[in-house]
Amino acid sequence: MKRYCFVFILLVFTGCARLFGWDIHAPGLLSNSFIQQVQTSPQRVALFVPPSFYSYTSTDKGSRWSDPQTYHVGEAMAPMILEAFQASFEEFVFMETIPREDILKRYMIPYLAVVQIKQFNNTMDMKGQKLSVITDILVFDQDLNPVTRFESVGVSDSKKVFAKKGGPEVNLNAAIEKNIFGMVTTLQDFLETK
Amino acid sequence: MLHKLIYILIILSFPSSVIANEVLDPTYTQVIVRDHPTTGEPYVSITDSGDVSMNPLLPSENEYSRPDYRMLDPNVKRGSYEYDGPYSDRKKVYIFGASLIAVGLTGATAGIALAPATGAASTGGGAYLAAGAAVAAAEGIAIHQLTKVRPEDENYIHESETRFLELIKLED
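Residue numbers (this note's numbering), protein chains in the order written: chain A, 1 to 194; chain B, 1001 to 1172.
Since the hints were derived computationally from the structure, they do not count as laboratory data.
Since this is a predicted model, take the numbers as computed values, not measurements.
Hints may contain errors.
[Unchecked claim] Calculated pairs, DSSO-like style, for lysine-lysine (alpha carbon to alpha carbon, straight line, at most 30 angstroms):
no.	chain 1	residue 1	chain 2	residue 2
1	B	Lys1077	A	Lys127
2	A	Lys118	A	Lys194
3	B	Lys1077	A	Lys61
4	A	Lys105	A	Lys194
5	A	Lys61	A	Lys165
6	A	Lys118	A	Lys165
7	A	Lys165	B	Lys1077
8	A	Lys61	A	Lys118
9	A	Lys127	A	Lys165
[As the list claims (entries may be wrong)] Taking beta-carbon pairs under 8 angstroms as the criterion, some of the chain B residues facing chain A (in silico):
no.	residue
10	Asn1055
11	Tyr1064
12	Asp1068
13	Gly1085
14	Glu1159
15	Leu1165
Heads up, the beta-carbon is just placed ideally off N, CA and C, and yes, glycines get one too.
Construct the entire structure; sequences and hints are all you get.
Here you go:
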């Protein structure tokens, strides 16, 4: 009984997911193809992400028989979304304070995008892994009135992911990047119509 | 001369707030130019007044290369594309986990598992360690074989999709 208690206490203190499974931290960098595909739009846009964005994680292991997995989605997505908006908008402003109407008016920011991570899905089978990242984007005008809302889904479906060093990490990075790609291109198109 | 004196008196009678050039920021915010933590590219940030500290929630600098998604192609051999980013190694944690299981299977106590103190205990510890290592190796190989895959299809799929949603009325 004592030996089982010892093992149990050790597992509790060290964290079961880290002992038995995968701790996935993506590189958090956009690929060269993103930089080449996205054109810079001559618009002024502010971006705000809630504090919970940065700490968004998922322990979805994809199937009943898979190893435990922890995906640090927000940790990787934060620098990537920042880099994407820098590349996509000439006058990009990052809001580190909670946005207010007077702030947007003072700095003449016509539109504010608020991004939240809505969902993360992991599907695994014997051949590979499919990851999807879903975000909710709300766009406000200078008076903080919502003008549009859309959802972006990024998917990366790859095989033999876990057989390669960095495979799950790059797969996660790809899913995040596809999500951000859809987000910025849709936002650019929407703002061009305004 | 008299009209010049009158002009001077008129100017001096103006309220000081009109002449003063100091403008208070009613929003209590400030504009800072920061460098992106991973790329080093500058961007404009609006923060609260007096707060110049870097957002602690953003990662610190790293020197990773941009990922190359061609490494996800199952036809590509391991190591064909250089990857210097973070990675999770499952094998070592399973070996450790198997060694813990071995503690329970062989009936060894916590004292022996940590360090053999006497001759008798060292023998028991040695036996435990040998048995634990044998179990760990077997567990490691078994796990590796179970998860080894041989896909028949090629390539990877990357999708991006957006859809507009109904605007919800925000509460005040």
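Starting from the hint list further up, note which numbers the structure goes against and sort them upward. Those not satisfied: there are none.
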